[in-house]
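With the sequences and hints as input, model every part of the structure.
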Amino acid sequence: MNASTLRTCIFVIGWFVLLGIWTYLLLLPSTKEIGDLMHIPLTRRFLAAKALHFGTYMLLAYLAAYLPRRTACWAILAVHAVLSEVGQHYLPGRSGTVLDVIINLSGVLTGLLGGAWASSSPNRSASPVPVPPASPPS
11 MNASTLRTCI FVIGWFVLLG IWTYLLLLPS TKEIGDLMHI PLTRRFLAAK ALHFGTYMLL
71 AYLAAYLPRR TACWAILAVH AVLSEVGQHY LPGRSGTVLD VIINLSGVLT GLLGGAWASS
131 SPNRSASPVP VPPASPPS
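As numbered in our numbering, residues 11 to 148 make up the sequence shown, in order.
Just so you know, these hints were derived from the structure itself, not from any lab.
Treat the hints with care, as some may be off.
As the list claims (entries may be wrong) - Simulated DEER-style distance windows between Cβ atoms:
#1 S130 / L62: 27 to 35 Å
#2 I20 / R104: 30 to 38 Å
#3 S130 / T107: 17 to 25 Å
#4 A85 / L35: 18 to 26 Å
#5 R17 / G124: 18 to 26 Å
#6 T53 / V108: 18 to 26 Å
#7 W127 / S40: 33 to 41 Å
#8 M11 / P39: 38 to 46 Å
#9 A128 / I31: 21 to 29 Å
Here the structure is a predicted model, which means the values were calculated and not measured.
For glycine and all other residues, C-beta sits at the position ideal for the given N, C-alpha and C.
Structural data, given as structure tokens:
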């Protein structure tokens with residue numbers, strides 16, 4: 011396995027690990043909200059939660075642009091965005107709403123567009139993973 015293939019494998023595994031961690035966090039039942047403990051107003055908690063959902067899906071979709079099967083990864087994220095909200099609907103202290111699905115899918119779409127643009131632009135690196143210059147053979 012050459013260095014480029016190894017970097018790609020590590021990047022793919024890292025992407026799926028991030029998706030797994032995000033899935034775990036989304037499907038945890040809520041017992042006591044952090045916002046209650048910190049006395050954060052409900053409006054700010056709502057906005058922070060929605061921004062976190064949007065931003066995380068945007069980041070995952072952006073990073074997927076650099077994966078070998080990016081279209082499949084974007085499809086996985088779109089399905090994930092819907093199914094995670096369906097799953098939250100059945101968890102104690104959680105709710106899954108159509109608004110949440112729209113916010114999630116908006117994050118996916120924004121990341122998809124940004125990632126597709128960045129990965130196809132001739133002035134951008136083909137990989138977010140730094141590639142050291144090749145050393146001359148000894």
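Broken hints, by number
Number 3 only.
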